[in-house]
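Novice: These are the residues of each chain, in order.
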Amino acid sequence: MFTNIPATTNSVTSSLFKRPLLTAMTAALLASISLTGCSSPESSDTASTENATSTASDNDAVSASTIDVDTVKGKVSLPINPSPIVVYDMTLMQDLAALDVAIDGKPSGLHLDNLQSKKQPDPKEMGTVFEPDLEALNAMQPQAILVGSRMAEKYNELSNIAPTLDMSIDTANIYESSKQRLHDLGALFGKSDQAAKLQSNIDGLIEETKPLTKNKGNGLVVMVNGNKLSAYGYKSRFGFVHTVLGVPMVDGKIEDAKHGQPVSFEYLQKTNPDWLFVIDRSAAIGEDSVGAKAVLDNPLVAQTTAWKKNQVVYLSPDSYLAFGGYQQWMQDLTAIKTAFANAK
Amino acid sequence: MSLFSNHTTVDIDNPSSSLPTAQSRWQRNISSYPNHKPRHTKIPPWLINTASLIVMALLVLLSLSIGVADFSWSGIFHSLINHSANSDSSLMLVSRLPRTIAIILTGIAMAVAGMIIQVVLKNRFVEPSMVGATQSAALGLLVVSLFFPASALIIKMGVATIAAVFGMMLFMLLIHRIPPTDFLMIPLIGIVFGGIIDAITTFIAYQTETLQMLSVWQFGDFSSVLAGRYELLWFTGVLCIIAYIIADKLTIIGLGDNIALNLGISKRHVTWIGVGMVAMMSAVVVVTVGMIPFIGLIVPNIVSRIMGDKLRRSLPAVALLGASAVLLCDIIGRSIRYPFEIPVATVFGVVGTVIFLWLLLRAPAES
Chain Z
0 MFTNIPATTN SVTSSLFKRP LLTAMTAALL ASISLTGCSS PESSDTASTE
50 NATSTASDND AVSASTIDVD TVKGKVSLPI NPSPIVVYDM TLMQDLAALD
100 VAIDGKPSGL HLDNLQSKKQ PDPKEMGTVF EPDLEALNAM QPQAILVGSR
150 MAEKYNELSN IAPTLDMSID TANIYESSKQ RLHDLGALFG KSDQAAKLQS
200 NIDGLIEETK PLTKNKGNGL VVMVNGNKLS AYGYKSRFGF VHTVLGVPMV
250 DGKIEDAKHG QPVSFEYLQK TNPDWLFVID RSAAIGEDSV GAKAVLDNPL
300 VAQTTAWKKN QVVYLSPDSY LAFGGYQQWM QDLTAIKTAF ANAK
Chain G
0 MSLFSNHTTV DIDNPSSSLP TAQSRWQRNI SSYPNHKPRH TKIPPWLINT
50 ASLIVMALLV LLSLSIGVAD FSWSGIFHSL INHSANSDSS LMLVSRLPRT
100 IAIILTGIAM AVAGMIIQVV LKNRFVEPSM VGATQSAALG LLVVSLFFPA
150 SALIIKMGVA TIAAVFGMML FMLLIHRIPP TDFLMIPLIG IVFGGIIDAI
200 TTFIAYQTET LQMLSVWQFG DFSSVLAGRY ELLWFTGVLC IIAYIIADKL
250 TIIGLGDNIA LNLGISKRHV TWIGVGMVAM MSAVVVVTVG MIPFIGLIVP
300 NIVSRIMGDK LRRSLPAVAL LGASAVLLCD IIGRSIRYPF EIPVATVFGV
350 VGTVIFLWLL LRAPAES
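Those sequence lines, one after another, are chains Z and G.
Everything in the first sequence is counted per numbering that gives the first Met the number 0, starting at 0 for the first residue and increasing by one.
Everything in the second sequence is counted per numbering that gives the first Met the number 0, starting at 0 for the first residue and increasing by one.
Don't take every hint at face value.
What follows is a list of derived Cβ distance ranges for each label pair [as the list claims (entries may be wrong)]:
| id | chain 1 | residue 1 | chain 2 | residue 2 | range |
| --- | --- | --- | --- | --- | --- |
| 1 | Z | Thr333 | G | Thr207 | 28 to 36 Å |
| 2 | Z | Leu133 | G | Leu172 | 20 to 28 Å |
| 3 | G | Ile203 | Z | Thr333 | 34 to 42 Å |
| 4 | G | Gln211 | Z | Lys213 | 31 to 39 Å |
| 5 | Z | Gly290 | G | Met168 | 50 to 58 Å |
| 6 | G | Ile203 | Z | Glu175 | 36 to 44 Å |
| 7 | G | Ile203 | Z | Asn159 | 28 to 36 Å |
| 8 | Z | Pro210 | G | Val54 | 55 to 63 Å |
| 9 | G | Thr352 | Z | Asp112 | 41 to 49 Å |
| 10 | G | Phe146 | Z | Asp121 | 50 to 58 Å |
| 11 | Z | Pro120 | G | Gln211 | 54 to 62 Å |
Straight-line Cα separation of at most 16 Å, EDC-like style, residue types lysine to aspartate or glutamate; simulated pairs [said to hold, decoys possible]:
| id | chain 1 | residue 1 | chain 2 | residue 2 |
| --- | --- | --- | --- | --- |
| 12 | Z | Lys153 | Z | Glu175 |
| 13 | Z | Lys269 | G | Asp256 |
| 14 | Z | Lys269 | G | Asp69 |
| 15 | Z | Lys213 | Z | Asp273 |
| 16 | Z | Lys234 | Z | Glu156 |
| 17 | Z | Lys72 | Z | Glu156 |
It should be emphasised that the hints constitute simulated quantities derived from the structure, not laboratory data.
Treat the numbers as computed from the prediction; the structure is a model and nothing was measured.
Here a beta-carbon is modelled for each residue, glycine too, at the ideal position from N, C-alpha and C.
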């Protein structure tokens, strides 16, 4: 029953030694000790090098059936096409669904309907996106657990049960990061070709949208939460509007914050964006609400160019929940492309 | 005095002088209770009220001037002279004035509600959030939003108010059964009681994935206030006027059960009116702007140290100071990260903690 546990520790230690930065730092540290006149480190230095080499050759020996996946916590070695798998992140679930990879465990209470491939049976519910059901996980004994930013804090707990891959998307670099994740998932499940095809769909839409956004004015991403507003900057999960599509930011001072910077309606009137990209958070998490449109429909927002020229783009709930996922890219790029294509 | 009875002439400012045996427990426990101070050290109420009115007027001017959008007073001046609307006057009417009014009404409501609950429970260390009122209102709001998400704001508010009254009733029953041997007992029970309701609310919200919606409601913040989106708060203004009308009866309730009995005041009656008003004020504020901690605790305490607990005299000061405190904190929240905002609840949490500690740790006044 506990056969995976030694395997886990093994992979953790091996990944530790394979980190080039860590090895370099260790070497530098040992070198600096030897400079200060200690006699012994000579041997330990060589020992650590030997250790690293031996781990590398170990990996080469098993590379036929295993694969190294780049994760936030470093490289993790996994057998190709691991099964059963549990996925706790909506971004990864979207990518896997697009790749037609069946998953065996998922969090409960998900508000998106594009998170699993149509052909597969319903996965077991294993807790929520924030809180894993450790009992259920232990009973299933998955071969891999895939987590994203919302579950990253629980990494250690999960690692005790099965090899855990923290494949969080880096919001500051959302395009490169999500591209890397999609590629890695393709490789891990033996569907590299399909992953490349999906990526080319995204890239194609980006290439079509980019020229349309040129010289069409600046933009601002706001989230409507209840009746309150917050603004998002280019390092946020919605930053792709600015970084990938090149829409200039109306205010460069917006810092990154998980739920944006709280702003008033006067802020919108003053900054006067030409384009407004709106995330309706209440709609994203499946609540009935007055609706983002009703909240924004007031005399102050009415004075902005975006509202006057009807240049308000409502992003999909996916961009809040599954940012960087395949469907999110496709939906939001399509919505933005259509809006800019229709702009006068 | 003339409002209620004339069969006894009691100086309700200084009951201990004429009725030493009727001195209530809380007065004995808190040695620094202002009524024990010799009268000549007190600042006359008119001076305090005038001073706080001036401070508030300045804060109102500041609040109207601060904001992200471009605005100039000369534009308002021109608009008034020409009797025509311009961008400045419309900004004033749509955004600045509503926000400032909402802040003032919230500050008044929270402070007055705090004062009423302190007098009714005869305890200086309680506020609406310590007797389960705000938590119950939030629970009511959550329940109605889950079952009738599309219902109008007035219905949501009504349910929140009923829940708040119910929660406070439960609390009153609870403290009835516990001998009030210690003046800290009531707030302690209140904190636990509020915590339990809060836990129930959080559990329901957790199970229904509405935690973050709940936090948006509960967090006091004026950034979304615009004309047409705060008007419910006027209701709390009406309640404050009612509180002023029945101020003397509330004061007598606060003096102790025996005095109330002697003066022919129905303790039950007035207590429930007070409790109901506090519940309604808390519910309206929670529904429209969210919770703001500490106002209901700090403001009445400061005023009562200076002016005593005769509500007819101290309620205006409580209202003015409450409004000024929230105005100041909202101005701070709007300025320090300009053009972004810090919610007023955060600012008041910080400022309030400091003032509360100062109130607690300050050496008791000489008796």
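Novice: Hints first: check each against the structure and report whether it holds.
Specialist: A quick look at each hint next to the structure:
{"no.": "1", "hint": "Z:Thr333 - G:Thr207: 28 to 36 Å", "in the structure": "holds, 32 Å"}
{"no.": "2", "hint": "Z:Leu133 - G:Leu172: 20 to 28 Å", "in the structure": "violated, 41 Å"}
{"no.": "3", "hint": "G:Ile203 - Z:Thr333: 34 to 42 Å", "in the structure": "holds, 37 Å"}
{"no.": "4", "hint": "G:Gln211 - Z:Lys213: 31 to 39 Å", "in the structure": "holds, 37 Å"}
{"no.": "5", "hint": "Z:Gly290 - G:Met168: 50 to 58 Å", "in the structure": "violated, 36 Å"}
{"no.": "6", "hint": "G:Ile203 - Z:Glu175: 36 to 44 Å", "in the structure": "holds, 41 Å"}
{"no.": "7", "hint": "G:Ile203 - Z:Asn159: 28 to 36 Å", "in the structure": "holds, 31 Å"}
{"no.": "8", "hint": "Z:Pro210 - G:Val54: 55 to 63 Å", "in the structure": "holds, 58 Å"}
{"no.": "9", "hint": "G:Thr352 - Z:Asp112: 41 to 49 Å", "in the structure": "holds, 46 Å"}
{"no.": "10", "hint": "G:Phe146 - Z:Asp121: 50 to 58 Å", "in the structure": "violated, 28 Å"}
{"no.": "11", "hint": "Z:Pro120 - G:Gln211: 54 to 62 Å", "in the structure": "violated, 31 Å"}
{"no.": "12", "hint": "Z:Lys153 - Z:Glu175", "in the structure": "violated, 25 Å"}
{"no.": "13", "hint": "Z:Lys269 - G:Asp256", "in the structure": "violated, 58 Å"}
{"no.": "14", "hint": "Z:Lys269 - G:Asp69", "in the structure": "holds, 7 Å"}
{"no.": "15", "hint": "Z:Lys213 - Z:Asp273", "in the structure": "holds, 12 Å"}
{"no.": "16", "hint": "Z:Lys234 - Z:Glu156", "in the structure": "violated, 29 Å"}
{"no.": "17", "hint": "Z:Lys72 - Z:Glu156", "in the structure": "holds, 14 Å"}
The earlier numbered hints that this structure contradicts are 2, 5, 10, 11, 12, 13, 16.
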